[in-house]
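A.B. asks: Residue numbers (our numbering), protein chains in the order written: chain B, 1 to 418; chain R, 1 to 405.
Quick caveat, the hints were computed from the structure, so don't treat them as lab data.
Worth double-checking, as some hints may not be accurate.
[To be verified] Quick partial rundown of chain B residues pointing at chain R, CB under 8 Å, derived from the structure:
(1) LEU182
(2) ALA238
(3) PRO240
[Claimed, not checked] Below are the BS3-like pairs computed for lysine-lysine, each with C-alpha atoms no more than 27 Å apart in a straight line:
(4) R/LYS272 x R/LYS322
(5) B/LYS184 x R/LYS162
(6) R/LYS162 x B/LYS155
Backbone N, C-alpha and C fix where the C-beta goes; we use that ideal spot for every residue, glycine too.
The residues making up each chain are set out below.
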Amino acid sequence: MSDERAAPVGSTTNPLGDSQEARFLDDLKALDPAARNKTLIRLHLSRLLPEHRDKQNLRNAETVFDELTRTRSAWLYRLRNSDLMVVFERHETEVAERAMLKLLKLWERDPLMQKSKSDARKNRLSSWFDMTQDYDKLLTFAMRQTATTEKSVRKSLPELIAERELQRSNHERGTPLMPLELGKAEEALARVDLSSFTRRQPVCAFVEDGKPEVVFTEVFVSIGDLRETLMPRTDITANPWLFSHLTQTLDRRVMAQIARREDRTLLRDGFSINVNVSTILSEEFLAFDDDFAPSSQDVVLEIRIEDIFADPASFAFARDFVMERGYRICIDGLNLSTFPYADTNRLGVAYAKLAWSQDMAAYVGTTQGQELKQMIRDRKKGRTILARCDSDASVKVGQQLGITLFQGRYVDSVARGR
Amino acid sequence: MYNQGAKGYQETLLVDTLDRMRRNPEGRKVVHLHLAQLLPPNRTAVRIKIVTRMFRTLESGRQAQLFSLTNDDLVLIISGGAQRDVNNILHRIRKLFEGDPLTMDDENGGDKFATWYDLSLDAAMAIHAAQQMRQESQTAPPKTAAAQMPALTPAALDEVQKKIAFANVAPFVRDQVALRINAATKEAAIEFYEFFLSVQDLQRAVAPNLNLLADRWLFQDLSRTMDLRMLETVVRAPQIRGTPCISLNLNLETVLTPTFGTFINQIEKGQKVIVEVTAMDLLTNYNMYLDVRNVLASMGHAILIDGLSTTTLLMLDVAGMKPDYAKIIWAPELLEMMDPGGTRNATHMVQEIGADRIILSRCDSPKALAWGLKSGIALFQGHFLDSFNKARKAPANAAPVRRAV
């Protein structure tokens with residue numbers, strides 16, 4: 001899914017700090033007594049002045065340990081109060097001290113540093129622990145930390161229901177789409193010229209020197225613009241099932257539009273469209289296939305993961321058929337929670353598209369980040385696309401995770417400036 | 001193509017063509033694909049067209065002549081040189097219909113999917129078969145496509161939802177038992193009762209001229225309303241009284257409604273509720289799933305991922321979702337997925353999820369039960385077991401099955 005075809009349903013509430021506290025506890029528990037020749041620094045970032053505690057600063061605190069995390073000689077865990085736990089091999093103490101000094105310098109203006117800003121170990125920014133001696137103390141701390149997490153984050157049923165009711169009655173984005181309106185919208189769609197709502201956005205490969213190369217261009221309908229015109233007071237994506245029904249109509253219209261072959265470059269360079277599995281198994285697709293069975297150009301079909309698992313047998317049939325005809329498939333609409341389930345090896349597809357989110361920046365250098373990177377590397381049969389990249393940071397983080405294909409507004413701007 | 005024309009036109013053309021070729025077969029072969037015997041969901045018009053399409057290159061190269069028969073079967077006359085290409089295509093078609101019994105060998109190792117004739121040797125047999133097909137096509141009733149009920153539309157959905165909101169759904173509530181079977185003693189005990197609304201009966205009552213299931217997404221939306229009505233009804237149903245554990249098919253979203261909150265408050269103390277959700281719902285609302293799973297667990301209830309076919313198991317890391325239960329649909333192909341080194345190994349998948357979390361559903365034979373027990377599964381559902389349950393209830397021995405009072 002592209003920037004504009006966003007499905008904000010069930011927005012991510014991944015409490016990053018909490019999950020890292022849980023992992024910290026797990027890792028501590030799993031630590032063999034023989035492997036405790038490690039040191040832990042607690043960075044009291046929460047003690048810094050608020051203006052020194054912005055995202056960039058917090059990220060600096062992590063990147064300063066890059067030299068260690070890259071070689072897996074150190075592990076980072078962020079606590080809920082944004083304090084950072086840094087665990088590293090004892091023989092790397094010198095490197096860690098150097099990193100500490102950099103941080104002391106970075107925040108030298110903060111009142112916290114007034115007394116001691118040149119001693120890596122004795123300062124108010126950090127507390128140092130020896131993993132062998134202080135193991136029990138740390139374990140108790142971690143357990144207490146996660147115990148309060150469970151209580152504070154895990155809500156009771158009445159609380160969850162109340163929260164959901166509040167969400168339902170909040171019509172800031174418009175009233176939720178209802179069946180009658182859906183019917184009217186679909187009728188109206190038949191008369192509307194969709195070309196003014198059609199957008200295209202390239203998926204690019206970023207090679208070493210940073211120059212993007214277009215791999216294929218996604219053609220899609222801007223749901224935001226369509227909503228503005230057809231039903232400005234309706235929250236069109238509030239109901240995922242009715243929205244899915246609407247996308248079937250849109251699939252067909254986009255196929256028909258491409259069949260008019262108005263854009264030669266598109267056809268030459270390769271393109272992708274969003275389709276439902278049911279669309280592939282329809283007469284309209286067979287007609288489209290008559291015209292566009294991929295020969296020289298790449299035609300990619302983007303399918304949402306929930307559509308695949310709505311009827312896996314039909315998906316398998318549709319997949320084998322279109323692959324036979326030379327198309328490639330991209331799993332669309334993935335976030336950090338669902339990406340693990342879009343295994344390109346198991347699904348037999350060429351691409352999986354993960355939407356960028358700020359959370360990912362915090363992943364880098366953590367165990368979770370390592371796992372994500374490993375997952376991306378293991379999926380040899382299909383490549384990962386990082387979509388909705390809106391900044392150079394998103395591309396950088398993606399590259400650190402081993403991703404080579406990118407899409408989004410930032411990518412558009414770089415590609416234009418080529 | 002040829003398909004326009006009189007009844008049995010293709011069959012007649014086939015008979016005539018074969019008759020012409022018999023004197024000069026030139027190494028030609030005939031292959032008859034028995035697509036008519038595919039399971040109904042695999043036998044849709046589009047799928048048959050897709051199969052036909054796969055021979056298109058051969059056809060345009062005049063290496064194959066294609067006959068689309070009235071009953072959806074496909075007959076090809078192919079030139080000797082095209083044998084290998086045709087074999088390749090057949091292999092791919094078999095793969096398309098992998099899960100269909102038609103593509104599996106019969107008990108004697110015979111091929112049910114395709115019949116071959118060598119025109120130099122068996123021309124008479126081929127013609128005889130074609131003549132028979134011609135005869136059948138002429139006596140066959142016209143296709144019943146027109147008789148199919150129209151699918152639900154958005155406007156109709158609105159009406160049906162309004163009707164269901166006020167209908168008495170109590171008569172449509174069904175239950176099915178899930179049994180825990182002891183592998184050693186084969187004794188069965190009731191683990192829980194699953195409650196659900198019979199869509200068929202509901203359809204008959206509120207929308208007799210509509211197929212409620214024809215459109216997946218609209219039905220899914222309808223099921224939100226059905227969920228609420230079921231919760232209101234089940235809590236008053238006599239069947240659930242005194243049952244220690246019940247399961248319900250719900251949308252994740254339904255768990256976060258006041259109606260579910262009321263339901264939980266009204267059930268008996270200590271009664272355990274298992275909420276059955278689909279993988280599709282879970283992947284649409286993953287964060288909601290985590291919330292729901294945690295909150296149910298905190299109250300002593302549980303979550304179950306429903307409807308896992310072998311295809312789903314091969315594609316999806318169900319274990320990673322950490323459900324309390326996972327319901328696998330029994331299918332004979334599970335018997336074939338036992339290659340210890342293979343990536344398609346069913347035992348391995350069962351172990352990954354945890355055999356003690358799995359319910360083997362739709363068990364229809366002793367084979368299903370035996371496979372499950374061998375794989376370490378203890379919980380079972382299915383018509384075969386419903387009767388098993390009744391049989392064991394006979395007072396011959398001290399009754400090992402105790403229906404919860």
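A.B. asks: Take the hints in turn and mark each one as holding or not.
C.D. replies: Hints, verified against the model:
no.: 1; hint: LEU182; result: holds (4 Å)
no.: 2; hint: ALA238; result: violated (11 Å)
no.: 3; hint: PRO240; result: holds (5 Å)
no.: 4; hint: R/LYS272 x R/LYS322; result: holds (19 Å)
no.: 5; hint: B/LYS184 x R/LYS162; result: holds (18 Å)
no.: 6; hint: R/LYS162 x B/LYS155; result: violated (33 Å)
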